[in-house]
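Chains as they are written, first to last, in this note's numbering: chain A, 1 to 542; chain B, 543 to 846.
Some clues are possibly wrong.
[As the list claims (entries may be wrong)] Pulled a few chain A residues facing chain B out of the computed Cβ check, cut under 7 angstroms:
#1 Pro98
#2 Ala99
#3 Ser114
#4 Phe116
#5 Ala118
#6 Ser120
#7 Glu123
#8 Leu127
#9 Ala128
[What the hints assert, rightly or not] Stretch by stretch, here's where chain A covers chain B in the computed footprint (C-beta under 8 angstroms, at least three residues):
#10 697–707
#11 716–725
Hints listed in this document are in silico derivations from the structure and should not be mistaken for laboratory results.
Note that beta-carbon positions come from the ideal geometry of N, C-alpha and C, so glycine has one too.
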Amino acid sequence: MDSSTAAAEEGTNNAPPGGGGRRAGAEILLAARGITKRFGSIAANADVDLVINKGEIHALLGENGAGKSTLVKILYGALQPDAGSVEWQGKPVRVASPAAARSLGIGMVFQHFSLFEALSVSENIALALEKPGTMRSLGERIRAVSREYGLPLDPDALVADLPVGIRQRIEIVRCLLQAPRLIIMDEPTSVLTPQEADELFLTLKRLASEGCAVLYISHRLEEVQRICHHATILRHGKVVAECDPTLETPGSLARMMVGAEIANVAAASRPNETSPVRLSARSLSLAPATPFAVPLTGVTVEVKAGEVVAIAGVAGNGQGELFDALTGERRTAAGMVTIDGTPCGQEGITRRRQRGAAFVPEERLGHGAVPGFRLSSNILLTRHATDDGLVKGGFVAFGRIGEMEKRIKQVYDVRMSHDDPEARSLSGGNLQKFVVGREMSRNPGVLIVNQPTWGVDAGAAALIRQALVDLSRKGSAVLVISQDLDEIYEIADRIAVISRGHLSPAEPAAAMTRERIGLLMAGGAEAGTAAPAPVTAAAGGA
Amino acid sequence: MFEAILLTVITAATPLLLAAIGELVVERSGVLNLGVEGMMIMGAVTGFAVANLTGSGTLGILGAIGAGMALSALFGFLVLVLVTNQVATGLALTLLGLGLSGLIGEAFIGVPGLKLEKLDLPFLSDLPFVGPVIFGQDPIVYMSVAIVIAVAYALARTRAGLVLRAVGDNHASAHALGLSVLKVRFLAVLFGGGCAGLAGGYMSLAYTPQWVENMTAGRGWIALALVVFASWLPWRVVIGAYLFGAVTVLTFHAQAVGAGVPSQLLSSLPYLATIVVLVLISSNRRLTLVNTPACLGKPFVPDR
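Construct the entire structure; sequences and hints are all you get.
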């Protein structure tokens, strides 16, 4: 943790002196007043006011489900508010569609990119422009603008072939070509390495200095403090605070977002160096299943009893493929994966579960749980073959499953409107707590989790992280694949970095600075595996 | 002899080509319409009936197109507005078309039909050999060629084609960009219906100018398969349709000559040959995947 805090402070020093003072005299670009939007009985936005000045980087903060996305979609014309008005440069406007927003000068960079994988870069950009001109002239404009802002792009490349960082560039350049007055960015750094994020910040600062306003949505408070001039904080669809983030601390911002203190993860004791290895991958290689997938090359990692090993990396670098190979969704040579010393690369998921392993995939709805099944049925799906006695002589013991469902609900604080609902009716965070709880309540000897707290609010995330650490301290091996560096620093004993299917050796968390992880994410991990990877027992110590 | 064979190849290939190119546009927009057979047979019976009652081949063609579009409009309303299951709705459309066409066509069984005039093109039709074979066709054959060229050009070069591909690739993104997914899809479905109707009209106005119940005889299904095997590329649809037509005609001749091959094997040859050739040319998996509409058959409900 020490190294990460130091890095953050360094970043803050580089930041321009933001200040509440600049707000008073500035010219108002966009003012949304009294925005209300209901979905059924839930008010996603209730009487929300938002004022953005020219040339301002304005943070919109809030937990998942606080109503940020709804508000932004309304400003971009993708949703219509039930009540409220929008003023653009002092004149009331109705943003009827994204096209109308674009013609006003509002551009948007989406969190889940609104790109078409089967189309080329210039075709993707042409779709968002009113008058794209010929493909060739557009290609030249793309080259020129992207170079000018330090975001080089090849207009003829196919999006499917490009890594996530470049895909975001496409979205940004697409905005820039529309000569926007306001760019809305929805969690832009969640897919970037720290270095790529730094480049993005430079671009944003340059845009702001040219008079373009930025509405910056994020839950990474350090970033917000570093680059934003002003912040509006939403909770449960209402504006709860406005502030100058440079005058706040991450703690005070978090309190405003959540409305309560967030517990820090407490790790009891450090794992013992001599503990046995419970999960290992040795020179794990796997050919890609589809043309767009990432091949795994010589992945080697060991997780000992009592420790949490985290795999950091930018999305789409082979995390999903690694998860599939470790869980048995895809088979490998037998010796490439071992659980408690037994080679099981050829075994399926159920066999590996019977060996005491449990798995939590990234996508909870559809992969981790069947949306249309009740929670109890979803319990049965992963635990029918384990020694829980849920199936006896081919018959399902529904009573036992019901008890189990109630216990998981209680221990992992899964909130639901009625008993045993369908999985799809739970909110994302609640379902994640259920899926994690379902696997953890078995006390598995080996737990492999992909993105344990993706899209989960801060309170639930803290609960899940604590449970992961607690499980490891009871003698289990826990492997966490995550893109959230803060999370990794919070829970991991050792950290490895995955980059284009190569995994760097796992090293003690204290020895891994953010800079180092960033370099490994950007391709250093590949160089690292070229040399013989020393995975030593000493790595477990602190 | 050779000229005659070539002529029959074109005649056999044209209905497949028309129906397939229409379905290609539909599927590129992300909609799977399994009702091609039903729309074809409705085109066939309507084209025949209109031509017979008015005595005008042109009106017959328009009637065939209109019937296909009407049926596809029903399909579009069901799957796009009411978000019914596309597979089930498409199958129902085929059953509806087959039944309805039998009902309408009852009065026309055994009635002599009206065969479309050959449309001679000045100069071109007088060329030796090439003239009568290539430029001595009825208007629907020319239309089929024009439609394929137009679709291929539009898909690759125009904004409309780009929008169509975008909607089929990722409807959520298309919606976020402000493209009207449902409108694009409805227009594509109508186009597909028109093409299938025209293909059916060709059957009853040019191929065999008469009305016989179930006269499309599964050609709609073959057209559907051609689109998939051609990996959604127009020029491959042309290859597939003509190959299928050619092998069909050749097996007829082989049977007439009396080659010592079981007739069942011969009649399966067009299917085998077409599958083999199209699988071979689509061996480039990357190209295939890029052209496969990622949203094919997935329903879209805008969140408003």
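Structure-based check of all given hints:
This hint holds: Pro98(A) has a C-beta 3 angstroms from the nearest C-beta of chain B, less than the 7 angstroms allowed. Using the Cβ-Cβ criterion of 7 angstroms, the hint placing Ala99(A) at the interface with chain B is satisfied: the shortest such distance is roughly 4 angstroms. Look at Ser114(A): its Cβ gets to within about 4 angstroms of chain B, closer than 7 angstroms, so that hint holds up. A distance limit of 7 angstroms between C-beta atoms decides the matter here; for Phe116(A) the minimum to chain B is near 4 angstroms, and the interface restraint holds.
Because the closest C-beta pair between Ala118(A) and chain B is about 5 angstroms apart, less than 7 angstroms, the hint holds. Here the hint on Ser120(A) is broken, as its CB sits about 10 angstroms from the closest CB of chain B, past 7 angstroms. The beta carbon of Glu123(A) is positioned within 7 angstroms of a beta carbon in chain B (closest approach about 6 angstroms), and the interface hint is therefore held. Given hint, Leu127(A) at the interface with chain B, holds; its Cβ is 5 angstroms from that chain's nearest Cβ, closer than 7 angstroms.
Contact between Ala128(A) and chain B, as hinted, is supported at the beta carbon level, the nearest pair being about 5 angstroms apart and thus within 7 angstroms. Given a C-beta distance limit of less than 8 angstroms, the hint that chain A covers the segment 697–707 of chain B holds, as 4 residues qualify and 3 suffice. Interface restraint, the segment 716–725 of chain B with chain A: holds (6 residues with C-beta to C-beta distance below 8 angstroms; minimum three).
Figure legend: structure checked against the earlier numbered hints; the only hint not met is number 6.
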